[in-house]
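*Asks:* One line per chain: the protein sequences are A and B, in this order.
Position one of the first sequence corresponds to residue 1 (this note's numbering), numbered consecutively onward.
Position one of the second sequence corresponds to residue 232 (this note's numbering), numbered consecutively onward.
Watch out, some of these pointers could steer you wrong.
Which bits of chain B does chain A cover? Going by a derived footprint, with three or more residues having C-beta under 8 Å, they are [stated by the list, open to error]:
hint, segment
1, 517-530
2, 610-620
Restraint ranges, calculated between C-beta atoms of paired labels, are given here [stated by the list, open to error]:
hint, chain 1, residue 1, chain 2, residue 2, range
3, B, Leu253, A, Asp84, 35 to 41 Å
4, A, Tyr21, B, Leu253, 43 to 49 Å
5, A, Gly51, B, Arg243, 33 to 39 Å
6, A, Gln66, B, Arg243, 28 to 34 Å
Since the hints were derived computationally from the structure, they do not count as laboratory data.
Predicted, not measured: the structure shown is a model, and the values here were computed from it.
Each residue gets a CB set at the ideal place from its N, CA and C atoms; glycine is no exception.
What follows is the residue order along each chain.
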Amino acid sequence: MSEDRVAESPIVALTDVRRDYALGAERVHALQGVTLDVQRGDYAAIVGPSGCGKSTLLNLIGVIDQPTSGTVAIAGNRVDAMSDREATQFRLRNIGFVFQRFYLLPILSALENVALPMAEAKVPKGVRTERAAELLKYVGLGNRERHRPSELSGGEQQRVAIARALANGPTLLLADEPTGELDARTGTEIIALFRRLNADGTTIIVVTHDEDLASAARRKVHMRDGKVVDA
Amino acid sequence: MRFALALASLIRHRARTALAVLGVAVAAAMLLDMVMLATGMRESFRELLLSRGFEIRLAPKGTLPFDTDATIPGVSAVIATLRMNPGILEISPVLGSSIHVLADGRDVSGSALGIDPKVQGDYELISGRDVTTPDAIVVNDYLLRQLGARIGDTLSVATGYDPQTRTYSGQRKLALTGLVKFIYGANDQSSSAMRRETLEGMRPEARDRASLFMIRVRNGGDAEQVRDWIDKQLPNVTAISIATAIAQVDERLSYFRQLALILGAVSLFVGFLLVTTLVTVSVNERAGEIAVMRAIGVSRVHVIEQIVLEGVAISLAGAVLGLGIGLITARYLNTILSAFPGLPMAIDFFLFQPRAAWSALGLLIASGIGAGVYPAWRAASLPIAESMRREAIA
Numbered sequence: 001m002s003e004d005r006v007a008e009s010p011i012v013a014l015t016d017v018r019r020d021y022a023l024g025a026e027r028v029h030a031l032q033g034v035t036l037d038v039q040r041g042d043y044a045a046i047v048g049p050s051g052c053g054k055s056t057l058l059n060l061i062g063v064i065d066q067p068t069s070g071t072v073a074i075a076g077n078r079v080d081a082m083s084d085r086e087a088t089q090f091r092l093r094n095i096g097f098v099f100q101r102f103y104l105l106p107i108l109s110a111l112e113n114v115a116l117p118m119a120e121a122k123v124p125k126g127v128r129t130e131r132a133a134e135l136l137k138y139v140g141l142g143n144r145e146r147h148r149p150s151e152l153s154g155g156e157q158q159r160v161a162i163a164r165a166l167a168n169g170p171t172l173l174l175a176d177e178p179t180g181e182l183d184a185r186t187g188t189e190i191i192a193l194f195r196r197l198n199a200d201g202t203t204i205i206v207v208t209h210d211e212d213l214a215s216a217a218r219r220k221v222h223m224r225d226g227k228v229v230d231a
Numbered sequence: 232m233r234f235a236l237a238l239a240s241l242i243r244h245r246a247r248t249a250l251a252v253l254g255v256a257v258a259a260a261m262l263l264d265m266v267m268l269a270t271g272m273r274e275s276f277r278e279l280l281l282s283r284g285f286e287i288r289l290a291p292k293g294t295l296p297f298d299t300d301a302t303i304p305g306v307s308a309v310i311a312t313l314r315m316n317p318g319i320l321e322i323s324p325v326l327g328s329s330i331h332v333l334a335d336g337r338d339v340s341g342s343a344l345g346i347d348p349k350v351q352g353d354y355e356l357i358s359g360r361d362v363t364t365p366d367a368i369v370v371n372d373y374l375l376r377q378l379g380a381r382i383g384d385t386l387s388v389a390t391g392y393d394p395q396t397r398t399y400s401g402q403r404k405l406a407l408t409g410l411v412k413f414i415y416g417a418n419d420q421s422s423s424a425m426r427r428e429t430l431e432g433m434r435p436e437a438r439d440r441a442s443l444f445m446i447r448v449r450n451g452g453d454a455e456q457v458r459d460w461i462d463k464q465l466p467n468v469t470a471i472s473i474a475t476a477i478a479q480v481d482e483r484l485s486y487f488r489q490l491a492l493i494l495g496a497v498s499l500f501v502g503f504l505l506v507t508t509l510v511t512v513s514v515n516e517r518a519g520e521i522a523v524m525r526a527i528g529v530s531r532v533h534v535i536e537q538i539v540l541e542g543v544a545i546s547l548a549g550a551v552l553g554l555g556i557g558l559i560t561a562r563y564l565n566t567i568l569s570a571f572p573g574l575p576m577a578i579d580f581f582l583f584q585p586r587a588a589w590s591a592l593g594l595l596i597a598s599g600i601g602a603g604v605y606p607a608w609r610a611a612s613l614p615i616a617e618s619m620r621r622e623a624i625a
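Next comes chain A alone, as it looks inside the complex (with noise of 0.2 Å):
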């Protein structure tokens, strides 16, 4: 394969995508036969109304759950029959993520919360501690680094989540809803810290209701009752 189409070969490519879930005696067809290529460098949202699988399809990219048919590829690396370990593995290296509600460990400091996934990865103790101060002062969170999460607002618990979920250099960030639980104004910093990732290199998919947060994103991908309406 040419340097260059490796250039041009997207981060994120679904083919043909079903997932399928059992509800009761009920089969639930999440997703229905979607393909969604992203480029690297690209700011993709996903929008659509409840139930219509943004959230499914995030998941996916995410390599936390797998397809029922199709196939998923993350920076050209078939993700969708991965075992738990190489998953795992590969989530660690490549996949950051962001969730509505934080989900930062009420044990740890702001600092360890974004050294986690380093220590994880092997990361040499000091190294990580450095990167991890480096990344809350990225966010605006230089003077919080000894704060538990019980002790920031919501908006500095969400920044000390997207440290966390940049601390391995991943090749992609997912958030899903990352402002669903900010007022306004706390959204609006976070929208802008989105804007300012992309612009220094970030692959980035959200997953979100917020309109704010989707005009924000240089593409838009419409869901509806489990397939891509509109790309």
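Given chain A, work out where chain B should sit, using these hints.
*Replies:* Just chain B now, kept in the frame of chain A:
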């Protein structure tokens, strides 16, 4: 990092963790006490028998030492036979008798041992002097208090009493020369000792007879071989080695030991269930948090390690606390049980043995690991996306 996370997770719910540790500590204390009780009497009895270095006892055929009033005739001949075995170092014949000590018109009854002070293995001198002269007698603290006597007093001692004629037989004046502690004697037993020839003089029918022979084997000698040899040479005696005595004690205490082991196992199981319940509840509460850890790349093995560590930390803290509680309760219970009438003072029901304590500690830590395995496996097996979806709905 995982140990720090496990510890931090326990500290997060201080009250719950403290209660769990306390619960495990009670179970650990019970387990330790039961282990100490199961082996304590046996070991204590062994130590008691070995305390003076006599490995073999000879009793009249078919009896245990001092089980009956039966005696072995021909002490001199028995000693002469025993001396033929080069493996035997010392022979201590002991004649037992009941006595009556008359003091201030009162009759205090008790027991007396006729011994050879040079080779005796029945008592330790606490104060005064041993029975170095034929008219000397030494007594234990209980008898001394019963008599209200002092060392240096002269006592009137008889070996028999006829209630019909109200007369004493084998009566003799003896000088109280010392206070002694009888190794095999009970707290509430009036005991005394005098030279064997003195007691024989007071009991002519027991002349050249002994209730018991205690035999010390030479260093490096095989006590079992010597015992077999005695069995062949002296068919009218029962030779009991320490091993034989322990086997007999084991047989008599087997139900007692089984009960202790069953109670110990129940304690261990209760501790196991307690830790499993606590860690399972904790894992259920943190299902979302664990799912997020897995999502950001924390491996399944590391999640299991962290949760198992939580179980082990609770068990370890509980075990250390339980060790202290167990030792205190064992000491208290030992005081109560040792006061049982007729038991040798030196017998301990609860004997602390480091090996047994380590075994109990090891069992608790192993149960802590076992207790953490189920919730850890549950946590590590949680489907990440599904757990996060449930958490979001909740």
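*Asks:* Checking against the hints above, which ones are violated?
*Replies:* none
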